[in-house]
Each structure stands twice: as structure tokens, then as C-alpha cells.
Amino acid sequence: MKTMNNIKKLPLMLMLGVAFLFTSCEKGLLEGVNDNPNQPEEVSSGLLLPSGQAYLAYGIGGDISRYTSMLTQQVVGTGRQWATYQRYQITETETDNWWRFNHYGGALMDLHLMINQAEAVGDNQYAGIGKILMAYGIMVVSDLVGDVPYSQAFQGAENLTPGYDTQAELYPQLVGLLTEGITNINDAAGPNTPGADDLIYGGTIASWEAFGNVLLARSYIHLGNVDAANYTNALNTLDNNPVFTSNADDAEYVFGAATTEAAPWSQFNGQRGDISFISDASQSIEVTMYDTLLALGDPRWAVYYDTAAVSMGAYFGASTSSFVFASYAEQKFIEAEAAFQSGNTTRAQTAFEDGVRASLEKYGVFDQTYFDAATDPNTTLTLDRIMFQKWLASFTNPESFTDWRRTGSPALTPVAGNVTNNTIPRRLPYPLTERLYNGANRPSDNSILSRVWWDQ
Amino acid sequence: MRQLITLMCLLLSSVALQAQVVVSGTVTDGADGQGLAGASVYERGTSNGTLTDANGAYTITVDDESSVLVFKFVGYASMEKPATSRNISVSLETDDLLLDEVVVTALGIKREKKQLGYAVQSVGGGDVVSSGETNAIAGLNAKVAGVQVIASSGSPGAAAFIRIRGSSSLTGNNQPLIVVDGVPIDNSQNRSGNPDDGNNNLLAGVANSNRGIDINPADIENVTVLKGPAASALYGIQAANGAVLITTKRGSSTPGKNVSISYNTSLALDRVNQFVPLQDEYAQGVSGTYFPANRATPSFFQATSFGPKIDTLAYNGIQNEWFRDGDIVSANDPTAQSAVSPFNNQEQFFRTGKTWNNNLSLSGGNVDNNYRFSLSNTKQTGVVPNSEFNRTTVRLSGDTKLSKRLKTAASVAYTNSGGTRVQQGSNTSGLMLGLLRTTPTFDNSYGNDDPEATSAYILADGTQRNYRGGGGYDNPYWTINQSPFVDDVNRVLGYTSVSYDATKWLNIFYRIGTDVYSDERQQVFAINSRTLPAGQIYEEKYNFRQLNSDLWITATRQFNEKLNGSLLLGNNIFDRQINYLYTQGDGFTIPGFAHMSNAQSVLTRQTTTNKRTAAVFANAKLAYDDYLFLDLTARNEWSSTLPVGDNSFFYPSASLGFVFSEPLGLSDNKIFPYGKLRFSYASVGNDAPSYSTLTYFGSSSIGDGWTNGLAFPINGVSAFTYDDVLGNPALRPEKTNSIEVGADLRFLSNRIGIDFTYYKQTSVDQILAVPIAASAGALSLISNAGKVENSGIEIVLTATPVKTKDLRWDIIANFTKNRNWVVELPEGVETVFLGGFSGTSVRNVPDAPYGQIFGGTFLRDDNGNMVIEDDVNSPFYGFPIASGEEEVIGDPNPDFLANLRNTLTYKGLSFSFLFDFRKGGDIWNGTQGALTFFGMSELTENRGTTQIFEGVKGTVDGDGNLVSSGAANDIEATLGEDWYLDNGGGFGVVAEHFVQEANWVRLREITLAYTMPSSWFEKTPIAGLNVGVSGRNLLLFTGYEGIDPETNLQGAINAQGLDYFNMPNTKGFSFRVGVDF
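Here the protein sequences line up with chains S and H, keeping their order.
Read in order, the letters of the first sequence are residues 3 to 458 in the working numbering.
Read in order, the letters of the second sequence are residues 818 to 1894 in the working numbering.
Same shape as in the complex, but just chain S (with noise of 0.2 Å):
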């Protein structure tokens, strides 16, 4: 309607202008022609809540996935630049994208306006889901680099440069953030209330109250060697309320067949296809995950690498993949580490085994004879059994990486040709552009050896 507007405007445009000289009337000639025809000013929750998640999904099971996936050997970066940050070269403009464009700038940005406008209308359910990915997002990316910016970000043009929020000082916000999003979400639920638009669990509240507090117990257990204590918590956390209670309960988000919907790591292989999954000696090519799986019989070899297709297996390597935010086996497994820690061995036993069990069911390849020997009981449990299989059972998600740093399990080998005189990185690095233009406040040591501080 504006352009019809516009061209029915221009005789009269004409005239004004032949007339301009014995006029007065700059005034009008321009009112209206900067009203943006293209884009709204304001959206409804409805329309973030999908934007947020699928910007979470897609970088942090994409680009991140691929840089956790080759610093555990999972996969095997061989091509071009992938051949290269296989050998630890690893720069701050590779983070530079996921930053800027998936997390901060995009997943991050559209939580914090949802939550914020949820909030002033009393869509509670929009904001305790906000608040729970909020936690989610903010966990990942300090997991990986260390300390970041929270509680000044997301301001705008109010604050340019935003302070960095310590790692110690961000776990317990985010504890907070994640006990305030099961609250919210659990109040009444305002005038809208997600439904199809929530495209992890399809507006089930009940299902997000669970999600929240398997977070509450991974925020827990990440800080486990900086206070013992929170073991407890994390145990506290999972025996007094809500959490999943099988595979279906998992926080996944399901990617689609169609072109433009299809997930991060089948667009990769096929789009770029320099990362290898298989180990070929005449290639020289070695993934330890393979070789692991291979060795011990484990159905999952089969399940993650297509020896034949020399390929992903198609479960993670399809266009219809799903990336798992958060998983029942995961649960287990942090409930498992918490009992063991805290010395609760048969506890740890029992959830060590519904770990392994859920994660062989997950892909539907459980076999006895494997189960038997792998959570054998009569084997002394060790914190490196649990990690082990929690590695195993971890395929391509981002938690690997975290785990391997707290626990140092599995052992894990520095790969052959690194520049790093024969350390594993241990964070990545934090982008260019916060160099660049919120150097001040980013703090001045990125290399990649060096550790977050939960990793001491």
C-alpha cells in the first residue's frame, strides 16, 4: 500500500517542485519516504523464542561441535584450514563468527529481548524459557574462553564496551538465572504461551522445568573441583525435583530434511567435507574415538562412523541429525560422578549403568554382552571408567570438552605434528572482534593453553 502511496504521490511531487520557488514547502515533501516498508520494529516472543533456538542449535552443534569433536578425537580435521587448527593452530578470528553472528549477536540477543518483554507483559512461561536458554548460552561460551561479559551485555548502544563477569562470579548467576526461569515458568502463564513456535519441546512446560534442573546439576558439577560441596548440590539438585526420566526426555532440537533447515554437520560435510571420521593409516589419518569404539566391540562404532560411505554414521551425520542440548544419559552420568565423588560408590554404580544403558538404547544398538562388560560391577568403579563412558557416549557434543578438561578423562594423546609443544588446548580463543573493539575489557591472556578457572 505505501508504494502505491508513493507512485500516486509523484504528480503532485512534480507540481510542488515546479512551484517550489514561489512556495514555501519543503515541508511534507519528505514525511513518511524513511518509514522502513521492510521490517517491523517489534515482534512478539512467539517470533524469538525460534530464532534464539535454532541460533543456539546450529553454532553450538555446528561450529563449536567441530572444534570440541577434533580437540577430544572424536573426528580429524585433514582439510585446508581444518588441517591446520588439527594441528592446534587455533586463532582468535575462528571464533570470530560463532561469537558474533550465532551467539552473541544473534541466539543471545534475541533471549535477552524476549525475556525482557515477556517480563513486561507477564508471558511467564516466555521469559522462564528465555531464562533457562539464557543460562544454557552463557554456560557454553564461558566454559569454553573463560570469563565473559553477562551482566553488562546485551545493552546496546547504552554500553558499547560491556565489562567481562568472571567465571567465579558467573556460576552463580547463572544458578540463580536458571532457579528464576523454572520459577517464571512455572507461574501463571500471561497472555501468550509457546507452542509450535518452541521448536526444542513444543511449548511442554513440564519438559523445560526438567531441562532447567539437569542445567542446574551440569552447573553444579563443572565447578566440582573448586568446591567438593557442590557435588552434593548436584545430587541435592537431581533428587528434589523434576529432571528427565528417560531418552524422550531429551532437550534436543531436530533439524530438518529441506535444504535450508538441514543440520550443521551434514551442511559441513557435504558443503566442506574437510573434517574425516574414519581412521586410514595410509592416510595417516587417526581418530581416537574410532579406533576406542573398534577395539572394544562398542555398537556405537557402527552407530557414529560409516566405514563403507567413509563418512559420519547418518544418526549425527543427516540433514534430519538432532543437536542434544542437555540428555538423560548425561544426567546419569553427572549423577554418577556426584555419587562418586561424594563416596556413594553403589549409587554411582547403579547411575554409571542407566548412563551407559541409556546412551547404547538412544541409538537403539544396546547389547547385553557390551553392557555387561563395560559397567561390570565387580570392577573396581573409577572416576575414569564413568568419564570414559560418558565420552563414548558423547558424540560430537560440546560437553566432551569440558569433561576432559575437569577430569583429564579420558587420557588423550596430543595429536602427531602440533604447535603447541605437545599440549592440548585447553579454552578457545576469544574472538577478534573483542579485541578489537572491547579491549579494554577482555582480559589480555587468550592463549589456548592456558585454563578457565574451573579448570585448576
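Mixed in with the good hints, there may be bad ones.
Anything over 10 Å on all C-beta distances counts as not near chain H; from chain S, calculated [what the hints assert, rightly or not]:
#	residue
1	H105
2	M111
3	Q175
4	T185
5	A190
6	P193
7	T294
8	L296
9	R349
10	F368
11	P379
12	G410
Derived contacts from chain H toward chain S, CB cut-off under 8 Å, selection only [as the list claims (entries may be wrong)]:
#	residue
13	A1351
14	L1420
15	N1427
16	A1451
17	W1455
18	P1506
19	Y1508
20	I1519
21	W1523
22	E1647
23	G1656
24	P1692
25	G1775
Just so you know, these hints were derived from the structure itself, not from any lab.
Computed from a prediction, not measured in an experiment: that's the story for all the values here.
Beta carbons: idealized from backbone N, C-alpha and C, even for Gly.
The hints should help you fit chain H onto chain S, whose structure is shown.
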């Protein structure tokens, strides 16, 4: 405002009737006394004029005896006589250097160059045509001091980037305004591809045209370049970067003839002028092991050519789909049949391009009316098979004098242009990418000469035949047959104008012009294309409409015998609307059916961009005794794109021309007859892009720099995301201040001329999207910030060393040196991204030349020495260490540009050649970097040899600190795949070693033409016949190790200096015949 209106009313009310006088006489040639037919005779300061007849006679009616008559004829010095007698005859003397050359100035107003206080330079239409360029903008290359033109490639229809006196805007448009017959036209390079991908579309895709290509060069009478803000001040914000004024040919009356018909035809043959140097000694594979294209399991090691030496290999003679002569085996293998010789895939691929040009024009008229009609067609096929560009133009122009006081003019031009373009640049379907990476042991063509033969690129099972076993990159034959891009532009340019002499001293002029076009494009990627294996089709459509209205009133006055002046008051209204529609269909079901209905998912993007400005302007001119000229201009502009209530801005200019040779009485001096000084100051403003004052939401689409990513709607769900760019409700207009001084000196009876200009312009308060930390929630904030300075000199040297009755030798040389300096960036911002990749980019950095190449560097110690790894356990022992930092690694701005044209004419024969020099200016040779990684660059032939890298020995300890004794390096490092697959090649973290200087000397044009004497055709209807042969780019001397360094990956944008599998440039001959009736 009110004062202005009052003043105009006063001027209008003083119209009075006066007695009229009829004057007649003849105009003759001062040398032979013959009458000059077609000389113009007009009343000074008015548009009242006439032309002489075949005998040189004229009759004109003027207002009264105080009128002054001006007599003009091309090639002769003009003359002025007061109309004090009823019979005035004059004889005109020939003029060597056209001292009273008339040039077109701002708003299309013709003025004597002598009167101007700023630099302008003209190029004749013939010189644009003889450049052999299809694109009129490219045809200006190496012809004007202060102007830099960079053709993006030799692809048919590829864009040419033009800038005058450097870039003044940090991120905005830096190209000049293009004006045709007084009406601004669009010269954008409209982009292709999903708009969500923004500038990344320029890294890949096809070479699009700049819309200036729609102008038929053969219609151009003359091009005038207004170089500085003082020259273009009356155009206001649109011409903040200078202006290129194109005047098209008008009809003219030839005495005794109703119509003149002219027909020209030409054929040009083009070849690639410089290939990329490739190795042809080593086979496909790695570590000396052969990994064939048809290996059972695909491997990344098929990608590289670090295999065995080719002369150790043989074919087994059993033909298969991949190898015509059978699989490759060791020469010692019992199945070995015939020796393997390397394929030169690169040279085999390119063809001879052909350009057919046909131009027909009809013109005629009488004293009061004239018309010209032209029809032209250009049909170009590129050096890349299946690439083409076609253009058909029709133009009709006419001028009519309705009464002694009222004149009208109009012109309408229709252009249909477009072609078939080929994928290029950084994408796995890019032509050069697949072509140059192909190993010499694989024949992309499968022995076919026919570029469309399917056995070259499709296997029996429908998958792709390429050197990487179907993975990697498209076979170039696949690209040209399976990924066509076609565009079709329909455009109408037109204007009509009315000029009314209210009195002898008051003229009212009105002109309205439009530029309307639609640009429709379609790109298809067939199933199994490497970029989009599922297949894709997109359709995009630009509908562009621009309207420009100018009204002005000019009052002239002779104050006394020596002082005269004029005052112009005017109004301009400019309105532009661009509608854009993009529809993309992904995932084909039916192979070979390229239609939206065959797509599994469809996404659409749509934008409408509106802008309107209104302005009032004034220009006062004073001339004293025909040697001192003062010009003052003022313009106030209102723009829709600035914040409401704060959208008005004012800017003035002043210029002074002083012909000091006149008061010194030098005009008869043989040695130094003419000298003029110019001084000018100007301030010019600029507005913001549309919709910059607020922040909006946009439909979410998600990528990660590696993959195509996601686009909403997904599964029927829509999503919106907050814009990456924050709007700013407090924007102010941009401002550029400039000063210019110059001198125009002529010597030795005007045989030698030197025109020198110095300028300095400072741009402040620039409106740009200032990058911010993404943790603030967006990526940039539109702000006023930054400061850019351009200063430089321009020298134009003209000489006529020989001039006899039959023989003439003319020289023109241009020299351009510009210092384009980014003084400061927005506070807290260290660099501003202009274009390129995440690893190597073009950025603005403070206190440095504009548009620096930015990329990974090697580590240097405090003394600037490169540090060479001396830890024997390091895989890089003996090699330079990467710093892990990105820094400035090159400056694409040339130190200077120069060119020299010599023209020799002997009777009807003319011979002309143009040399073009460029000193300095870096290019990132990303092509060579990538090809080094792939073992295909010629420089990898040194594999196995040793080198002691220059630098100091050292290492980086576990804490990241440099440990170096400072001792000079003496470690012999063995070059080879370990190094080239890492930082020695283009996919490591270092880019600095692939930055090269793009110096050149080229023979840009050489032309031999012959115009047959008209006496030969006296008994025929033919009035003239001319033939010519031209060469373009025949010689190129450059140290650049790639294609012709006149290239740019992203085309006509601010980020210059990147070469990443760019299309090559071309050289060629053309032959033409022209006949006049």
C-alpha cells in the same frame, strides 16, 4: 527562504519589451577565406542562436544594439562582436589547443573551460569507443588524471570500479555520480544471491555489471570529469565523490542534406592475456604417492598434487570414464602402456572470445530543429565457453526551437542488456577454483573439444566427473553447463527540458529526467553441484525508478564594459525507489528440471528502499575583463534519510580562475602565451542510507561462515531476529571540505600545455556502521565518526611536436598521485571491515592508507626480524613461526598512475597508442596461496630443495613467550608438502607471504585507422568510409605472479586488492568499418 522568493519576484517583474535588431553576415576561415558551414552564431548570455549555411552566411535577430554576438566553430578560436552594425562578417583563426574549449559543468551547463576555477577534464566519445571496452566506464581507464578505473575481470559484462581522487567514505559509496545529458543515472553493481548473506555474495557468485554498462559508448559525444567538490557542488550530496558527465550525440544539420546516416561495424577477438603459472611436473596425491581421481574411497589426498613425478607414470591403456587412456600406473608396472604427459587444463579450457558491434545512426535537422536516432547491438562471447553479454540500445534525441525565446530538448534511450555469466571466486562451483586446482594428471575435458560434451563432466550414474572423485570442486565444464546464471535488464533513460528566455538577461530552465529499469536474474545449480548438491534455483528482480527534477532561473548582467555576472537560483527534487524480490528454491526432485515448482523448499526475501531529497541552490558568477572569474555556489538540502527535524544541511563553495597572461599582455607572446591559476574551496555534505535512524527486526537466517546454514521459516514456523546493525536517531549529515589549487600553462604558440592541480579534501562526521563488540548485542552502530583525508596532485601534459598541413603528432600524458589517508576511526575502533574473508580481509585502520589488506603474519622480534623456529623437536624447525595475529600486510593503493597517448595523423591515416603505468599497490594473491597448498602453484616446483629463511633463530615457549638469541638463521629447511600444507600455503594462519606488488606497464590501446578521402565517393551516395584495426592490452609487463593484476574479487566495491580465483583478463584485436551516407 522568504528573501529568496522576494528576490525572484523582483527579477521576474522587471521583464520589459525592447526594440529588436536583425544582423546578418558571413563567417569565414581566416586561413583560406572560405565560408565555414555550420558555425554557430549566438547572442551572448542567451540561448538565442543560429548556424551558418553552406556558404557561411547567417541571419540573426537580437534584442538591441547592446547585444554581443559570439561566433564559434569547432577547431577555431571563437570571436565576439557587439551588434552595433546590421552587417557583421568575421573570419575565425584555427586554434591549436582549444583555449576556449567549452566543457560541460554541473547541471549540464556548458561553460568555457577558461572561466573555471577548478579542474575538469574531458574525453572525446571516440576515445571511449576506441578503447574497445563494452563498458563505457571501463573505457575511461587511463584517460583522465585523478581517475582510477579497475575492471573486476575480463568476463563479459563484468563491473568496472571508478573513483576520483581516492576514497573519502570509510564504508559508503566512493564512486562518482554518473550523469547523462544532465540527468543522474544509476551506476550500481546490483548483487546476486540470498540477501541474508550480505557482502559474502560478492566473494562468490558471478561477475555482475555496474549499470553504467547500459550506455552505448557509440552514443557518447563527450565525457567530462568533474574531479573535486567545487566542480560538483551544485549537484549536492549525490556528487560528493565527483561526477562523470556524459553528453550524448545530438543531431546536426549538414547543409544540403536532410539526413545523415552512419553505420559502423566491428569485430573483436579476445584471448586470455595472462595465465596463472602452474606446475606440470608432479601428479595427483601426497607424499609422492599417487591418489587417483577414481580411487575406491574418496580421500582428501586426492585434492593435492604432491604425488610422484609425472615422468615416472604410465597409462595402462584400459579406457574408463575417468581416464581415456586408462588408469595411471607406475612406468615400471607390467600393465604400463604409454607414458603420461601433463595436461594443461588451464590453457585448454579458454577459447577465443568474440565481440560484434553494430551501430546505425540517423541524424539531421535545420537551424531550429535537430534529431538523432541510433540503434546499436553488441554481442559478446567470452573467453570462458558459454559466457556471453549482449546489449541492444535505441536512442532518440531532439532539440526544437519553438520560438525565439522558447527551446525544448528531449531524449529517450532504451537498453536491453544481460547475458550468461559464470560462477567465480570463492565457492566450490567457482570456475577458476576447480580449474586451477585440477592436477596435471587429470584431463577435465576427457579429450573433448566441444565444451558442452557431457562425458567431460557427468558419469554414467549421473554423478559428477572431476579430479576429486566427485567431491571437492565442480569440474569447470560442469560449472559452465550446469550452473548457468542469466540476467536480463530492460532500462529506459529519458528527459525533457524547456528553456525560456524571459528577457535578454533572464532565462528559466526546467528539466525532468528518469531512470527506470528492471533487472531480472536467474541462477541454477543442478543436482550434484558441489556448492549445492541438492540443487538450487533462485530468481531475483530489481525494479529501479529514479526521478530527478531541476528548475533554475538565471539572470545575467553586464555591469560595465569589463564586469559581467550572472546569478542562478534553482531547486532540485530527487526521488528513488528500489524494489527487490528474491526467491530461492532448494532441493530439486526431478533432475534437470530447473524450475521453482521442482524445489522442496522455497524462501523469499523482499525489500523496498525509498529515498527523497529536496534542495535549493544558487550560483553567482562574476567575470572581470575576461581574465578574472569568480564563482560562488550555495546549496541547502533536505534528505528523507536523516532524522526528522534535523534533516537540513547547507554547504557553500567558491572558486576563482585568474588568466594572468591576459593582464600581463602575453597572449601574443610566442613562448608563453597563456597562463591561468585556479583556486577553489568547497564544502559538501552527504546523507545516510535509508532506514538508518532506527533498529529493526529481520527474518532469521543462520550461518556459520562455513556452510549455507538455516533460513526461516522452518517447519512452518517463522522467526525474527534483532538486527545486527543498530540504528541511530541522532545522526548528522556527513561533511567534506576541500581546497584545490591549479595552474594551466601553455607554451610555444600553445604547442605545449601543462595543467597542474593540487588538492586536499578532508571528510569528517562520516555516517557508517561502526563495528562494536558483539557482546553489546549487535555487531555495529550507525554513527557519525572518522576522518579521511585525500591529497594529491594531477598533471596533464599535452604537446603537439609536429604540425604541418598533412602530418600531425599529438601527445597527451596524465599523471595521478593520491594520498588516501584514514586519519582516524571511530573512538575505540581499531579496524573497519570493508570486504574479504575472515582470514584475509580489506580493512580501514587509523593513521594508514585507505583499505589496507589485513591478514595473518609471521612472528617478528623487537627488531622486526622474522623468527625462524630453532627447536629441533618442532615440526616447523627451520621455518618461520606464525605470530597468530592479524595485522596490516599490504596496501592496495598505487603510488602513482600514469599514462601516455601518442597520436600520429597523416591525411586520413591515424595511428594512436596508449601506454599505461601503475607503480605500487599491493594485491593479496590468494590464488597462489591456495594453489601452493594444493601443490599446483608453479612455486611448489621447488619441493625437495632447501632454503635458509632470512631471520633470527628463536622459539616460543610453553607460556607463549618468544625465546630468541637474536642470532641469524642458518638452518636449512627442506621445502615441500609439510610446509605448503601448513603456513607455507594459503590455508595456514599466515597470509603475508602471498601479498605482491601490482606494478605494471601495459600497452592498453593501439589503433590504426584510415578515413578515405571523400573525393573517392563523389559519384556515390557514400559520404565517407573509414576502416580501423585496434589492439587492446597487447603488451603487459608485471611482476605479479597470477592473472593480469587489474582485477578485483568483489568487483566495484571499496575493498580492492583481493585476488582469489578471479577470472582472467583479456587482450585482443578488433577490426572496424564505418560508412557515412
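**Study point:** Violated hints - listed by number, lowest first
**Key:** Going through the list in order, the structure violates hints 1, 2, 16, 18 and respects the others.
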